[in-house]
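Q: So the protein lines, in turn, are chains A and B. One point on numbering: in our numbering, the residue at position 915 of the first sequence is 915, and numbering is uninterrupted. One point on numbering: in our numbering, the residue at position 801 of the second sequence is 801, and numbering is uninterrupted.
Treat the hints loosely; a few may be bogus.
It does not matter which identical chain is used: a pair holds within one copy or between any two.
What the hints assert, rightly or not - Cross-link-like lysine-lysine pairs, in silico, DSSO-like; alpha carbons within 30 Å at most:
no.: 1; residue 1: 740; residue 2: 511
no.: 2; residue 1: 332; residue 2: 689
no.: 3; residue 1: 339; residue 2: 279
no.: 4; residue 1: 29; residue 2: 231
no.: 5; residue 1: 512; residue 2: 689
no.: 6; residue 1: 754; residue 2: 328
no.: 7; residue 1: 660; residue 2: 450
no.: 8; residue 1: 690; residue 2: 660
no.: 9; residue 1: 689; residue 2: 660
no.: 10; residue 1: 835; residue 2: 772
no.: 11; residue 1: 690; residue 2: 450
no.: 12; residue 1: 217; residue 2: 81
no.: 13; residue 1: 279; residue 2: 521
no.: 14; residue 1: 511; residue 2: 690
no.: 15; residue 1: 372; residue 2: 339
no.: 16; residue 1: 146; residue 2: 332
no.: 17; residue 1: 339; residue 2: 889
no.: 18; residue 1: 521; residue 2: 511
no.: 19; residue 1: 80; residue 2: 222
Hint data in this document are derived by calculation from the structure and do not stem from the laboratory.
2 protein chains.
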Amino acid sequence: MARRRSSGPKRKPTAKRRPPAKRRPSRTKLVYDFAEGNKDMKYLLGGKGANLAEMTNLGLPVPPGFTITTDACRTYMDTKKLPPGLMAEVEDHLRRLERKMKRKLGDPADPLLVSVRSGSMFSMPGMMDTVLNLGMNDESVEGLTKQTNDERYAWDCYRRFIQMFGKIVVGISGEVFEDILDEAKLARSKKMKTKVSEVKDTDLTADDLRDVVDHFKNVFQKESKARFPQKPSMQLAMAIEAVFNSWNNRRAQEYRRREGIDDALGTAVNVQSMVFGNKGFDSGTGVAFTRDPGTGKRGVYGDYLANAQGEDVVAGIRTPEPLAALRKINRKAYDELDKIMKLLEKHYRDMCDIEFTIEQGALWMLQTRVGKRTPPAAVKLAVDMVEERLITKVEALGRVTPEQLDQLLHPQFDPNARAEVIAKGVNASPGAAVGKVVFDADTAVEWVEKGEKVVLVRDETNPDDVHGMYAAEGILTARGGKTSHAAVVARGAGKPCVVGADGIRIDYAGKKFESNGRTIKQGEVISVDGTTGTVVAGEVKLVEPKPSKEFTTLLGWADQARKLGIRANADTPEDAKRAREFGAEGIGLARTEHMFLGDRLPIVRRAILAETDAERDEALEDLRKLQRQDFVGIFKAMDGLPVTIRLLDPPLHEFLPDSKTLAVELERLRIAGDIARIDLIDRVAADRKKLLSAVERLEESNPMMGMRGCRLGLVLPGLYRMQVQAIMEAACELKRKGNKPGVEIMIPLVGIPKELEVLRAECEDVARRVMKETGVRVPYLVGTMIEVPRAALVAGEIAEDAEFFSFGTNDLTQMTYAFSRDDAEGKFLTEYLEKDILEVNPFESIDQTGVGRLVEIATREGRESNPKLKVGVCGEHGGDPTSIGFFAKVGLDYVSCSPFRVPIARLAAAQAALGSGEAASK
Amino acid sequence: MARRRSSGPKRKPTAKRRPPAKRRPSRTKLVYDFAEGNKDMKYLLGGKGANLAEMTNLGLPVPPGFTITTDACRTYMDTKKLPPGLMAEVEDHLRRLERKMKRKLGDPADPLLVSVRSGSMFSMPGMMDTVLNLGMNDESVEGLTKQTNDERYAWDCYRRFIQMFGKIVVGISGEVFEDILDEAKLARSKKMKTKVSEVKDTDLTADDLRDVVDHFKNVFQKESKARFPQKPSMQLAMAIEAVFNSWNNRRAQEYRRREGIDDALGTAVNVQSMVFGNKGFDSGTGVAFTRDPGTGKRGVYGDYLANAQGEDVVAGIRTPEPLAALRKINRKAYDELDKIMKLLEKHYRDMCDIEFTIEQGALWMLQTRVGKRTPPAAVKLAVDMVEERLITKVEALGRVTPEQLDQLLHPQFDPNARAEVIAKGVNASPGAAVGKVVFDADTAVEWVEKGEKVVLVRDETNPDDVHGMYAAEGILTARGGKTSHAAVVARGAGKPCVVGADGIRIDYAGKKFESNGRTIKQGEVISVDGTTGTVVAGEVKLVEPKPSKEFTTLLGWADQARKLGIRANADTPEDAKRAREFGAEGIGLARTEHMFLGDRLPIVRRAILAETDAERDEALEDLRKLQRQDFVGIFKAMDGLPVTIRLLDPPLHEFLPDSKTLAVELERLRIAGDIARIDLIDRVAADRKKLLSAVERLEESNPMMGMRGCRLGLVLPGLYRMQVQAIMEAACELKRKGNKPGVEIMIPLVGIPKELEVLRAECEDVARRVMKETGVRVPYLVGTMIEVPRAALVAGEIAEDAEFFSFGTNDLTQMTYAFSRDDAEGKFLTEYLEKDILEVNPFESIDQTGVGRLVEIATREGRESNPKLKVGVCGEHGGDPTSIGFFAKVGLDYVSCSPFRVPIARLAAAQAALGSGEAASK
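Only chain A is shown next, with the shape it has when bound in the complex:
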């Protein structure tokens, strides 16, 4: 059934979802008739209540009822008592309901039955409790018999009510009741002379059920030390309290933590007259969507189950038929439903999800809401509805979340592949991965080094596992939520990850896990989909995302709407091309580190370890020739668009071997030399010793805050000059060939205006020389990263020498918090998120009060001193929708993000500009 599919996007657990600013209007009214509310009152009436009210006011056939507000629930949570006056108000509304229904609760002649359902501001499907058939008692069961002319049915309702009430209101274990039912079936089987396993619930007669009810009442009294309440008003008060309490059951608390819903919201309670879909084959129940929630295709879509109640559908005991079945059974009801769905879609101006029941031919609407949808459906729906003139383009842009786009852009399971789902968990980091199961980080690394692909499976991860996580294709854990260590690290590393798959049981010693009755051993292949949280046995074919026509259309609208420019962080021509395909309008950050790695490492080491200026200059010269070609490639791929190239940033010891490894090796050589007394060993040892001492000289206690960035440029003569020369030579070469290289040279880690002043002068000097030598003029900009807190604080001065600022929000976050990301994410950050010391990981979504304040100061003061200053962001936050909303508010010129996030950023920027969608909501 569609409702059970967790196909809708899980919202990201960023800042807690909270009620709108006006929290508590000074009202004391605690109960609303459905006719008194409307769809915008979700905070007070919950989603279900607000929508029932809306439908009631639209004149749709909604079983009458009323809603007890979330205010009442909040008071209950504070005081642990039902608010004074609540039950009086309830009684009052109940009387009105009874008048309207012309039936009375508990009436021995013609009783009214009601359902008591939870319903909070944000949907929390299945997390809280519901009591149905309330109003059944020893007297009304007779009335129901008369009313329905079906004694068996009436007694079955009664026993169901006691069972549900006992379980939910008093907390009696379901097994106790099942045992009694089983005994009744056993008795019946003897009478039927058949095997007990063949006896169905429906085989129990009215008399059987009467006995069952007696037993149930006894059990109830035994377990709860109180008689089963016969008074409907007592039943109602107890049920309301039970629903309030269910807001804080563990399941609901965990769901809210995972989804980032505020614990203080509370739930409303809907008391509604019951209608029955199980009164024969002219009755039934169904759920439907006004369009296909999986694909977004036009036309209603849903399931119908004749002679059943909603609970039967949810329980999945019987398989429902497609909605079309109803058309055959009851054309009138079907047509009415169809009309209502058209009306609802028009009214809500969105695809709606409804629940309905048909009682003896009559259609009743039980629920509606804007339907959840898969990411492709979200995009198609939005674009289609604009074409149908149902919504505007602006609205369409607000209808797709950036996260939905994100899910469209990762590799996914081939939808046509057959898959044996063995577990479901929390979708912690999007994308799909296939690999052999391993259970520890060392094995992961070992196997990967042998060329295998692996999926690391753990109960939960900790810092000791990080190397294995980086080596693995994907990660699966049995425990944890979206802020668990595994989730945080996986997202940081861009690895697909499913956490909290609590169905799996790992046997580390046996090197296997069990899930859903299936045992998977180390080395067997599984596939994990971090977008949906699905875990599958065996290899699932993965498909690369293909953007639909609607996707392109929607992003075209986004481009028209947004004010922020969108660039990509790309270091190579390949990345640049991909970014351009995704719609990037330039490169906001081209790192040059990789131009010093790979087969160039020996040359780089020559430069670093040079003992004379001449040696160093020669090595730099070799590098220049190679890097010039690197830059030609990047400029070509981005021809006509700006390319911000960051001069070398990392500390030099990153280009040398690790000193601990060297020290151990040296010790080994030393001992071998002592033992073997071979000259060669001594010579090798002497070489290693020299290298070790060079490495130790360059090592730093806190490299993040050491000799890196512009400090390299200032202290190492020739390094930046070499890079600038290579850049300008590449640009001049292309310009001569008719290309349009967009050169922007970015000096990293500036914190002192003079640093930029000196290095800018050097850049200009080199550029002038290259242009003079080549006879080609290429316009270029020189700017800086703002990534050190001081740079933001003295931005006014720095801007005097900068043509652009690019906020390096990763490092700015590290320095502002004094969080070394490497250390923090593995260690205390997880704990901080779990303990609510931090609401959001500041490396995922920008810290607006602290780091953001620096961004604001620097932008304002930088522009005050240099009104032409271009200002952008090139930290990872440039791809985070909430952060994009913030950057738009601050008034930056552009954001730059990884190529895959460019579409997301385009949408988020449009939403920010339009004041709609997630990027605008924080």
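Following the hints, position chain B against chain A.
A: Chain B only, in chain A's frame:
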């Protein structure tokens, strides 16, 4: 001679000394008669010119003259030409001077001679050039003969003038002239029939000198391709230009760099009629101070040299007599001088330094200025002058610099000790040290480990030498200034250091150095005085400073004047006692790290490496008992005053061995195990491996920004609770005994308000429990360090849970600049200071624009949200006078510094409050 003693304090090269704000009044007047200026016009007229003007206007006997302004010099530096109109103005003033003197420049009958002297805003003794006897030519030499009736004298004047003019104006080597003089002496020796070495300048006759002049003129023409200028106006223009040029000679530039004087100031030029102290024994010259500049004792003090010119005194060829000698020779002149000195001291309201000449009985004042003085003299003078009602207490407090106090507080050479001074250098880090000479860092460490005391002697230092510098008692380098690597590191480490002792020549291979003709070998003892820059062979007895009566008086006045409280950073009862003696009003930072070191390390390691909660708790319990006694000691020593105790801050791996050492050791054990196959070795290896993996788990890539400070408190259960319990138990124990412990608990590294909220609640919980158990109530405060940039940016929120803020400006500087101090000071910081990228080391004096802005924001916003918030500083900046001035301006409640700097801080705080002295000037 007193002028040559570098007894005055060298000013600290902090921010460049610059002219007052109003730089260029729109004036075009380029020449001022002495009568037109006054002592406050130093920026325009230079120090010498301004004071000559002042004396002229006081009616003192000053040889008339005029001053060419620094404006003219600045124009000259910009345009490389004398400003248009300058020489016309000069001619004009010259005519007036001639009228006044009734003599004319170059007059063949009765010529006027003038001196042309430099004189800039800040004294730069001997750095620039002077031309004397200007106006001598072939005609005026005859006039001078007539005037003086001394032909020999006139020709000697002439040859001196050509020599000086040739050397200074045209740049002819002095040797060329000396050779000619030597030849003349040789000729004379033949005539005298004596050895040439016995012929003196004065033996040369007028005729000899006439020949010499001819030779000089020829040489001049040959070397300068131009005839020696006969026209006095031409001589004057050339001399003025030469003096302007001397502003930028290398010597002057280096002096300015060392003293932090702005290169753009330029020099004035004083043209003054010559008076002659060498016209016989009724003539003479001298320098004098109105009180003893060495001790501050009352009564004039100076030197006199009969029949000599100032240059003779400076050249040190003849030894002057005490000033009293003049009294015998010329009582009238002496009395007049004495009267003038009294007048000057009264007029300048300070001790003055004067130069005078007596020409044939008549006294002429050539210069005066406020005299430099030693630190003890500065203190005594200030206090005495208040007693004499010459100045106010407020003025007295402005007369002593905090640096002078600093010098009074370090160990110094015993002034009574005999010392063989072998070199002088730049006083880079105060205090004196004695030790055996070593020439490399490794030897330094090795010897120190054997129990020796060493002085590290290097040409200059670099990061590879740092471990040796820390091991050494003192450091001596042949090269470098106050911002050299050696100087920066030594000041940071508090080691006495003399740099740039350019007389020493090191022979590393021979392990010895030579200086002043003396050879010192490795292992020989030397003594260095970093306060004065003196290097002495052998051991000099050191004396601990003893504060004088005046010192105590002055600081008493400071305490009355200051608004900032002064606390000390002290971790032990001993430090606390010392701080209290120095006048500290509490402890602003008691670190607790040391309570986890020493013989407690094994317990700490047990806690860190514990495998169960019980193991850890037990270790923590052991620590608590020990630490409780630590706190008792500190509270007792500071009884009645506040003690801010910082809970544990450093990362835990600091308490474990280094992983590289462990890895190497493990490798050795592994190999030994393989070879020997002894079970014991394998067991030891297994132990080491376990320890290594624990260390590696705790190691961080950037520990400064890792798991430390409050993060430890939040993530490690029990640690902070243990410390708080120990603190409160100690406090309660003392309170019960009648003491008054001033408990302030400080949580370090807070950057997120919730961190403090949670830990504060824990502190309160523990405190309540302890007070309940002991039945004693002790008031206590809980606050936090503001040392992470974010803490400053969200200070308003943090202040809701803090009773005090203490700025940890060391870490705040590190994070704000992204400067890891350990790495930066050894690496790029020196280069930054040398290249003027940084004007000041931000770890020595607070960066007011960047870090200071955060301090301001946090103070303002913290107090807005919590008006009772106490705000202080406990970084090293708390002892830096300029920084103290800033903190006073921001309005902090107190600063806290190392005990030895408490007196300095008291004075600086007073100066800040009074708006006088260094702390107020930035």
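Q: For every hint, state whether the structure bears it out.
A: Here's how the hints hold up against the structure:
1. 740 x 511: neither (58 Å within a copy, 63 Å between copies)
2. 332 x 689: neither (91 Å within a copy, 79 Å between copies)
3. 339 x 279: within (24 Å within a copy, 127 Å between copies)
4. 29 x 231: Intra 25 Å, inter 109 Å, cutoff 30 Å: intra-copy only.
5. 512 x 689: between (46 Å within a copy, 28 Å between copies)
6. 754 x 328: neither (82 Å within a copy, 61 Å between copies)
7. 660 x 450: Both ways: residue 660 and residue 450 sit 24 Å apart in one copy and 28 Å across, limit 30 Å.
8. 690 x 660: both (14 Å within a copy, 17 Å between copies)
9. 689 x 660: both (12 Å within a copy, 15 Å between copies)
10. 835 x 772: Classified as between: cross-chain Cα gap 29 Å, same-chain 61 Å, threshold 30 Å.
11. 690 x 450: between (32 Å within a copy, 27 Å between copies)
12. 217 x 81: within (26 Å within a copy, 115 Å between copies)
13. 279 x 521: neither (50 Å within a copy, 112 Å between copies)
14. 511 x 690: Between. Shortest inter-copy distance 23 Å satisfies the 30 Å Cα cut-off; intra-copy 45 Å does not.
15. 372 x 339: Within. Shortest intra-copy distance 21 Å satisfies the 30 Å Cα cut-off; inter-copy 101 Å does not.
16. 146 x 332: The answer is within: 28 Å in one copy meets 30 Å, while 142 Å across copies does not.
17. 339 x 889: neither (43 Å within a copy, 75 Å between copies)
18. 521 x 511: Classified as within: same-chain Cα gap 6 Å, cross-chain 69 Å, threshold 30 Å.
19. 80 x 222: within (25 Å within a copy, 110 Å between copies)
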